[in-house]
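Q: Read off the chains here:
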Amino acid sequence: MYSKVTSAMIRGINSSIVNVEVDISDGLPGFEMVGFLDSAVKEAKERVKTAIKNSGIYFPPKKITVNLSPADVRKEGPSFDLPIAIGVLMGMGIIEDSIVDTLIIGELCLNGDISKVNGILPIVYSARERGIKRCIIPKANIEEGAVVENIDVIGVENLNQIIDFLNDQISIEPKKINILQILQADTNNYRYDFSEIKGQQHVKRAIEVAASGMHNILIIGSPGTGKTMLAKRIPSILSPLSIEESLEISKIYSVAGLLVEKQALVTTRPFRSPHHSITMSALTGGGRNAKPGEISLAHRGVLFLDELTEFQKNVLEIMRQPLEEGKITISRVNATYTYPTDFMLVASMNPCPCGYFPDPNKCTCSPMQIKRYLSKISGPLLDRLDLHVEAPNIKYDELNSKKQSDSSELIKERVLNAQLIQRQRYKDIGIRYNSELETGNIEKYCRLGDEEKSLLKQAFESLELSTRAYHRILKVARTIADLDSSENINITHLSEAIHYRTLDKKYWSKGR
Amino acid sequence: MNIEREGYWYWFNNIDGIGRKKQQILLDYFEDVEEIWKVSEDSLKEIKALSSNDVASFVDSRNAEKIKKDFEMLKKWKVEFLSIENKNYPTKLKNIYDYPYGIYYSGNYINNDTLSIAVIGARNCSEYGIELATYFGRELSKAGVQVISGLARGIDTYAHKGALMSNGNTIGVLGTGIDICYPEENIKVMEEMLERGGILSEYNLGVQPRPGHFPMRNRIISALVDGIVVIEARKRSGSLITANIGLEHGKDIFAVPGRAFDKLSEGTNAIIKAGAKITTKIEDVLEEYFDIEESDQFSVKSRIITNQLEKTIYNILDFDPKCIDELEGESKLPIGQFLQGLLSLEIHGAIRKVANSGYVKIL
Ligand SMILES: [Zn+2]
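One line per chain: the protein sequences are A and B, in this order.
Here the first sequence is numbered in numbering that gives the first Met the number 0, starting from 0 and rising by one per residue.
Here the second sequence is numbered in numbering that gives the first Met the number 0, starting from 0 and rising by one per residue.
The reader is advised that the hints may include incorrect statements.
Stated by the list, open to error - Each computed SDA-like pair below joins lysine to any residue, with the alpha-carbon atoms no more than 25 Å apart:
#1 LYS375/A to PRO182/B
#2 LYS160/B to CYS364/A
#3 LYS370/A to LEU193/B
What the hints assert, rightly or not - Here are a few chain B residues that sit away from chain A, every Cβ distance over 10 Å (derived from the structure):
#4 ASP112
#5 MET164
#6 GLU287
#7 ILE323
#8 ASP324
In case anyone wonders, no lab produced these hints; they're calculated from the structure.
Every value quoted in this text rests on a predicted model; they were computed, and no experiment measured them.
We treat Cβ as the ideally placed atom computed from N, Cα and C, and that holds for glycine.
Based on the sequences and whatever the hints tell you, model everything.
A: Below, the structure is given as structure tokens:
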């Protein structure tokens with residue numbers, strides 16, 4: 000007896016259909032599985048057999064053959080347990096009718112319970128795109144699955160329940176969710192606020208500029224200057240997620256298995272801060288069971304690399320492509336995946352190995368040691384950090400803490416205004432932020448007057464700026480002008496943008 | 000013939016185990032370096048100060064071939080050996096009792112007739128120290144003074160750098176061989192010094208830095224100069240040793256005062272208490288040697304800043320670093336304008352960015 004069930008697998012952050020075919024015939028009893036399977040899929044036969052038995056169903060001694068197609072892609076993970084079991088049960092006649100227009104996915108426990116799998120959101124999403132009418136998924140994944148509209152999403156808890164459901168013994172209502180409501184309920188829930196940090200006006204300003212144009216920023220400062228505290232507050236001034244963004248991010252989190260139960264969507268901008276001991280594959284994605292890495296989990300949000308110089312050099316170098324292209328391509332033996340990586344990079348580092356340069360009473364590092372330390376950040380990577388800013392020691396700021404600090408709400412208002420200006424300006428060229436401007440468009444949107452041009456020329460000469468900094472400065476100046484609601488980039492805007500590149504000279508040139 | 004004399008002296012300065020004291024004994028005993036070259040092993044043994052090892056290495060070292068080769072090597076490095084008899088041997092160096100019998104030299108010779116001032120201080124100095132060292136180096140040099148220092152990290156380096164800015168002759172005295180750059184980050188200054196100044200050492204090529212060398216080097220610095228300016232020195236630091244040697248040599252000691260409890264000023268403040276001259280500008284040094292009128296030519300002109308925005312910011316700046324947040328608060332300017340003025344001052348070379356988000360005026 001032949002039966003067929005439709006299921007799916009994750010490829011990158013999308014999914015593709017996998018057909019599960021089951022044939023049950025008389026012959027030497029056995030359970031054979033074919034179709035380019037990894038070991039976790041092969042183990043399905045034990046789980047399926049035991050789960051069916053433990054659900055109180057007689058497992059006949061027959062010759063069972065399971066084929067997963069298409070045969071040219073390698074199938075991974077335990078999410079085929081449920082469709083295989085359903086195929087077997089159909090072949091045995093336990094499930095009476097054939098199943099049409101339905102996608103089934105789920106992992107089985109030995110007692111017949113159905114447990115959570117990764118990547119439900121993109122799977123349901125592409126099921127709808129392919130005209131499938133119904134998805135039966137683990138109950139534990141129901142919230143994220145139900146995010147997709149115009150498709151019935153049914154959550155099931157155990158084998159007996161899905162049998163009864165498919166045999167029309169019981170009915171289960173498809174889960175419905177109002178995305179907009181979830182998103183709106185979840186704005187303003189960020190834990191940290193900029194007003195909690197006294198002083199550091201200059202760094203806060205640089206962060207405001209960076210956030211407005213989604214520019215990458217490097218914060219240099221001694222331990223205790225609050226670099227991490229400042230960075231953690233950046234999401235509090237970023238725009239709320241749109242539905243599209245939320246879905247996009249949620250797909251990534253779904254694939255990574257990071258959506259917790261009852262969580263339908265990622266509703267706040269991601270803030271990821273991987274430790275510097277992170278491995279290459281954990282940062283970029285990939286690995287044995289292909290999963291998005293930290294740089295993709297930070298998509299549309301903030302990737303914070305604390306103690307930048309502590310990261311392995313090759314780990315940093317690999318960041319260059321994703322920073323430039325907003326995506327990373329991971330090649331594996333049988334497939335190539337692309338994960339989105341459009342994030343704002345926020346990096347922090349000490350000014351020297353001991354952290355206390357230039358305090359001569361505290362810093363014990365030689366200039367050579369400092370040079371070696373800084374050279375861990377390569378020129379090309381440094382160039383991709385549009386703004387460089389130093390967080391001074393807190394001494395002065397404590398004395399002046401009476402000065403009121405702007406709340407995140409207030410800063411956010413300014414940021415959103417600047418972002419709105421950008422969105423309107425770029426609506427025809429398909430980008431949203433100044434940081435996304437391509438070289439060809441920079442001259443058009445970042446035009447300078449004669450006075451500004453001459454300042455830029457002088458600055459390059461006397462401050463020894465790297466020529467590669469040129470376009471970065473223009474883009475940042477554009478953002479500063481937008482914050483000022485100014486159509487033109489004037490000398491003040493440009494000066495501030497240049498100012499954010501002047502650390503180059505102090506730290507990375509042959510100086511002291 | 001003369002070269003041969005230099006050859007004997009070179010040999011005499013490079014015998015293992017024979018230091019300055021034993022050299023003196025040998026010279027007192029045999030009277031001339033050529034006589035020492037010819038002396039027999041037996042007569043050497045008569046000298047009680049020499050151990051049997053000394054005698055053995057002495058005999059071994061009398062190798063004319065090797066000396067020839069060494070001279071070729073020196074030539075390759077553009078280093079000259081100057082014996083005490085050489086006309087280019089710095090005259091002032093002979094005034095100390097333990098002058099070296101030979102030195103190694105590269106670049107410009109010391110001018111024996113011009114005023115020479117040492118500018119020395121802490122290796123691990125502050126931004127204030129950097130500013131002052133550069134200022135003293137630059138302005139003294141502009142006034143025609145030969146600036147001498149030890150090419151060490153910190154104050155020494157900035158004093159040389161300042162002097163190079165004014166194209167003056169500046170001499171670095173090393174505690175290592177001239178082919179050894181120590182500290183290694185000084186390679187650029189050292190190259191520039193070789194081209195436009197001079198470098199001197201009592202140590203032969205290849206001699207690595209050793210703690211004992213630096214006090215010896217300091218005695219040479221002191222010997223070569225008329226006065227010593229100390230900018231930032233900790234308690235019990237090398238700079239204080241130099242100042243003390245300077246006192247013994249009868250040189251003028253100048254000290255730039257610092258704040259009472261600042262570790263980098265403990266040394267300078269201590270020598271001020273002991274009688275060093277409080278010095279805040281080059282005139283304080285120069286007036287000891289020349290007649291200087293009130294409105295003299297050496298005075299540093301205060302910068303004229305015409306732009307109102309720049310002026311506002313310049314006036315709240317100091318020679319001690321001030322933090323950017325502090326400056327912005329005091330300027331009462333909107334952030335954009337404040338940064339515009341600050342950048343403009345920086346571009347025009349009126350101020351300098353230092354670590355920790357600080358800014359200082361350039362002297
Ligand atoms: Zn340090």
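Q: Next step is simple, just say for each hint if it's right about the structure.
A: Evaluated hints:
1. LYS375/A to PRO182/B: holds, 21 Å
2. LYS160/B to CYS364/A: With a Cα-Cα distance of about 22 Å, the restraint between LYS160/B and CYS364/A holds, given a limit of 25 Å.
3. LYS370/A to LEU193/B: holds, 24 Å
4. ASP112: holds, 35 Å
5. MET164: holds, 15 Å
6. GLU287: Label holds. Min Cβ-Cβ 30 Å, cutoff 10 Å.
7. ILE323: It is violated; ILE323/B is separated from chain A by about 5 Å at its closest Cβ, not greater than 10 Å.
8. ASP324: violated, 5 Å
Comparing the model with each numbered hint stated earlier shows that hints 7, 8 do not hold.
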